Amino acid sequence: MQLRYNYRAYPDAAQRRALASAFGCARVVWNDCLRDRKQAHAAGLPYVKSAELSRLRITQAKRTEERAWLADVSAVVLQQSPRDLDTAFKNFFDSVKGTRQGRKVGPPRYKSKKDTRQSIRVTTNAFCLREDGTVYVAKVGNLKVTWSRRLPAPPTSVTVTKDSCGRYFVSFVVDTEPDILPELQTDAGIDLGLSAFVVLSDGRKIDSPRFLRRAEKKLKRLQRELSRKLKGSKNRAKVRIKVARQHARVADRRRDFHHKASTQIIRDNQAVYVEDLAVSGLGRTRLAKSVHDAGWSAFVAMLQYKAALHGRTFAKVDRAFPSSQVCSACGFRDGPKPLHVREWTCGECGTVHDRDHNAARNVLFEGRRIVTAGRAETLNACGAPVRRAPVPAQRREAGSCRKGQTTQAGIPGL
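Numbering (our numbering), first residue to last: 13 to 426.
Keep in mind that the hints were calculated from the coordinates and are not lab data. Note that this is a predicted model, so its numbers are computed, not measured. You may find that some hints are simply not true.
Unchecked claim - List time: in silico DSSO-like cross-link candidates among lysine-lysine, alpha-carbon distance up to 30 Å:
1. K174 <-> K74
2. K123 <-> K109
3. K246 <-> K232
4. K174 <-> K243
5. K125 <-> K250
6. K254 <-> K126
7. K50 <-> K125
8. K156 <-> K126
9. K156 <-> K250
10. K174 <-> K123
11. K272 <-> K123
12. K246 <-> K229
13. K250 <-> K301
14. K61 <-> K74
15. K230 <-> K126
16. K74 <-> K116
17. K217 <-> K349
18. K109 <-> K50
19. K217 <-> K272
The task is simple: from the sequences and hints, build the whole structure.
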């Protein structure tokens with residue numbers, strides 16, 4: 013399986029200028045190739061192949077006065093732009109045809125030098141790892157990298173990225189074998205929430221850190237300061253970087269929390285079952301800020317790929333399953349309840365339930381049934397069957413959101 017390892021890089025002034033030139037050249041080649049294909053489509057001409065685009069927009073463009081500066085950067089950087097454009101078009105075509113699962117993907121768009129993220133990607137013939145810990149990138153130099161952990165295998169490609177607050181990162185794609193953990197006899201159902209981020213079926217709770225809420229006071233002050241600055245001025249650019257750094261700090265803390273929590277859950281349980289929430293729908297309600305601050309989708313994605321990496325079983329329970337309406341002790345369905353009802357008593361057996369703990373136990377029972385029955389159907393709140401998608405998915409470099417899938421990690425094609 014393919015994994016991506018991300019590290020912080022610290023280029024010097026000359027290397028930053030070389031990277032800025034590489035970002036710009038790759039962006040120009042992307043825009044030129046995209047423009048050719050759009051014009052061919054508007055004129056009713058056949059789809060322009062990548063080889064033709066590479067010949068016109070790289071090889072021949074270097075010989076012209078308008079694009080002679082393309083020769084100042086590595087040819088591998090330029091060659092990756094048409095390939096990345098092919099991938100973007102393929103994702104769009106697959107999404108239109110319905111062969112790509114998840115949310116609909118739009119057509120490729122033109123890139124701008126004002127985008128919040130600039131990146132280049134090179135393959136093995138344009139970079140190498142030095143013995144002194146630096147990473148050599150062709151026509152950029154030896155980049156100083158902070159190695160937080162070792163690479164498990166030689167990388168196949170590297171992506172150099174500059175984010176909105178001016179930080180540089182290098183990310184490596186490596187082909188590695190699954191790291192199977194010792195088998196356990198425990199499994200867990202997970203109920204995701206806002207007050208308690210995770211409630212496990214055994215009663216344990218992980219409180220929500222609410223990183224964005226805690227940073228709101230400073231963000232408000234910086235946003236007010238930014239709004240007072242004149243557009244296009246250098247002082248506005250300085251404050252904009254301060255705002256971007258604060259948002260990046262919040263995102264980094266949230267990501268670190270997700271990694272630690274998901275790793276601990278995967279290590280402690282042989283099977284993990286989680287409810288497939290409609291995050292995009294909840295993001296349009298009055299709870300939108302809290303929903304996005306929790307980051308449920310990123311957390312579930314981490315659980316899924318770590319289960320595949322460590323040989324654990326992972327399954328999603330359909331969002332229509334009435335986990336909060338059914339008594340986990342006797343199975344009696346007590347009907348829907350408002351969100352402010354955090355405890356309720358079963359009308360059949362009299363058991364007093366904590367709402368989140370009861371939902372986690374129901375998710376556990378339903379997840380066991382799904383895995384035992386294979387590709388079974390889940391009953392929704394109305395009692396009607398909801399068919400689940402039959403294809404498992406593992407996280408890869410260019411992965412997409414695959415909803416409603418049952419994955420038996422470590423067994424391809426189950």
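Now for the hints, and whether the structure bears them out:
{"no.": "1", "hint": "K174 <-> K74", "verdict": "holds (26 Å)"}
{"no.": "2", "hint": "K123 <-> K109", "verdict": "holds (25 Å)"}
{"no.": "3", "hint": "K246 <-> K232", "verdict": "holds (21 Å)"}
{"no.": "4", "hint": "K174 <-> K243", "verdict": "holds (23 Å)"}
{"no.": "5", "hint": "K125 <-> K250", "verdict": "holds (17 Å)"}
{"no.": "6", "hint": "K254 <-> K126", "verdict": "holds (17 Å)"}
{"no.": "7", "hint": "K50 <-> K125", "verdict": "holds (21 Å)"}
{"no.": "8", "hint": "K156 <-> K126", "verdict": "holds (26 Å)"}
{"no.": "9", "hint": "K156 <-> K250", "verdict": "holds (25 Å)"}
{"no.": "10", "hint": "K174 <-> K123", "verdict": "holds (14 Å)"}
{"no.": "11", "hint": "K272 <-> K123", "verdict": "violated (35 Å)"}
{"no.": "12", "hint": "K246 <-> K229", "verdict": "holds (24 Å)"}
{"no.": "13", "hint": "K250 <-> K301", "verdict": "holds (26 Å)"}
{"no.": "14", "hint": "K61 <-> K74", "verdict": "holds (19 Å)"}
{"no.": "15", "hint": "K230 <-> K126", "verdict": "holds (25 Å)"}
{"no.": "16", "hint": "K74 <-> K116", "verdict": "violated (37 Å)"}
{"no.": "17", "hint": "K217 <-> K349", "verdict": "holds (21 Å)"}
{"no.": "18", "hint": "K109 <-> K50", "verdict": "holds (19 Å)"}
{"no.": "19", "hint": "K217 <-> K272", "verdict": "holds (14 Å)"}
Going down the numbered hints, you'll see the structure goes against 11, 16, while the others check out.
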